[in-house]
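My request is simple: use the sequences and hints to build the entire structure.
As a plain string of letters, each chain reads:
2 protein chains.
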Amino acid sequence: MSIDYLIAYFKQFFPLNEADITALSTSFTARNIKRRQFILQQDDVCKYYSFVISGCFKTYGVDLKGAEHNLQFTIANDWVTDLTSFYDEKPSKLYIEAIEPSVILQIKKADLLHLFIHYPTFDRNFRIITERKYIALQERILSNISTTAQDRYLGFLSQYPELARRLPNTQIASYLGITPEFLSRIRKQIIK
Amino acid sequence: MSIDYLIAYFKQFFPLNEADITALSTSFTARNIKRRQFILQQDDVCKYYSFVISGCFKTYGVDLKGAEHNLQFTIANDWVTDLTSFYDEKPSKLYIEAIEPSVILQIKKADLLHLFIHYPTFDRNFRIITERKYIALQERILSNISTTAQDRYLGFLSQYPELARRLPNTQIASYLGITPEFLSRIRKQIIK
DNA sequence: CGAAAATTTGACATGACTCAACTGGAGTGG
DNA sequence: CCACTCCAGTTGAGTCATGTCAAATTTTCG
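So the sequence lines, in the order shown, correspond to chains A and B.
Basically the numbering used here = 1-based index in the first sequence + 357.
Basically the numbering used here = 1-based index in the second sequence + 357.
In case anyone wonders, no lab produced these hints; they're calculated from the structure.
Careful, some of the hints might be misleading.
The list treats identical chains as interchangeable, and a pair is accepted whether it falls inside one copy or across any two copies.
[Stated by the list, open to error] 20 Å max Cα-Cα, derived SDA-like pairs, lysine to any residue: (1) 404 to 382; (2) 415 to 477; (3) 422 to 449; (4) 450 to 539; (5) 415 to 501; (6) 422 to 384; (7) 466 to 485; (8) 415 to 400.
Written as structure tokens, this is what we have:
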């Protein structure tokens, strides 16, 4: 059962008792997502906090010219949602789309709040999870404001070698904030 | 007493009972910081999670050429620390330096963990605080990878008008990831 | 007041984008 | 199995965004 992956995941951070595990199992719903399927589209309210069991998603915004800009990729054992839209129930500015056939576990806002209120371990778990993701974003910002596109690409390769293997370069270019053409030139440069 | 500011701050998110308030008061220490004084230097372990009562700080990294890159500014009613260094007790890669004479409240790791264990409301409060800061970073990344330097500057002006007034442009340029010279040209351009 | 830092400006160099054309797979349907 | 399309990737030429360095000027703060 895919819920077992989630239980194992939480146990990395803190032990769960029987009641916690039962609460988890009844709060999350498994869902299969096809390639190119959206779990969130712009202007919709983000109804779910999703945990990826397998597959891969991209979260992106679309600018005035219609160009996509990848905010993040999410693979197994990680979370994906639009926090603002999810908590404040406001229309999202983002898209979340499956890049590969995927399996996810989803929880609704009401159920998550219920977990937080009745099972305090989840306040702690999600605090820690968010802190770790916050740190990763800080590092990405530092890299964005302080290094060249080539260095950001090399950093991406060494930090996410698996993503680099699974994703088309076009998607990586969008994540790095450069054009696919320029990434192609960077790759040519690196080979030498 | 500066601790009252912190209590009022937490009450924005969730009510605090008497025990919570007592615990807060005994866990945090007030400290006056001079302009240009550091509360964290590279290679030191970050010993404190700090809440700013008044004044202003910059958090920055230094690259191989010795150039500073501002990761964030922190003013009254906000938190500043190096999370990785603080929790994992590893040497920091960052500096945190007062830009103005400042007053802060600091808590040590052991005391914060004590709060988390005995007063569950703080797990929740810090979860929510970190979630909000995470969202802000996401928006900054999207802006970094999808817009021009001029648009980022205009966005900074409208999002942080107070910071724009208090900070020298050099510091803002570093935050935006551009040179002071180029920011000067952008400003000239905007005036027209 | 005086030193140090911030800002501006000019000339030039380089990083990165745009557009258009071409190449080479990876499906898809016959 | 072939012909076809479609999309990712590459390449070239030209352009625009941004950086570098140096110098002059203004502002800030001790």
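How the hints compare with the structure:
For the identical chains of this complex, residue 404 and residue 382 are intra-copy neighbours only, at 18 Å inside a copy versus 38 Å across copies, given an alpha-carbon limit of 20 Å. Proximity of residue 415 and residue 477 under a CA criterion of 20 Å is satisfied in neither setting, with 31 Å inside one chain copy and 34 Å between copies. Taking identical chains as interchangeable, the C-alpha atoms of residue 422 and residue 449 lie at most 20 Å apart only when both belong to the same chain, with a minimum of 18 Å there against 40 Å between chains. In this assembly of identical chains, residue 450 and residue 539 lie within 20 Å of each other by CA distance neither inside one copy nor across copies; the values are 27 Å within and 30 Å between.
Taking the shortest alpha-carbon separations for residue 415 and residue 501, both the intra-copy value of 19 Å and the inter-copy value of 17 Å come in at or below 20 Å. Taking the shortest Cα distances, residue 422 and residue 384 never come within 20 Å of each other, neither inside one copy (40 Å) nor across copies (51 Å). For a Cα distance limit of 20 Å, the shortest separation of residue 466 from residue 485 qualifies both inside one copy, at 19 Å, and across copies, at 14 Å. Proximity of residue 415 to residue 400 under the C-alpha cut-off of 20 Å is restricted to the intra-copy arrangement: shortest distance 17 Å within a copy versus 35 Å between copies.
Violated hints, in rising order: 2, 4, 6; the structure is consistent with all others.
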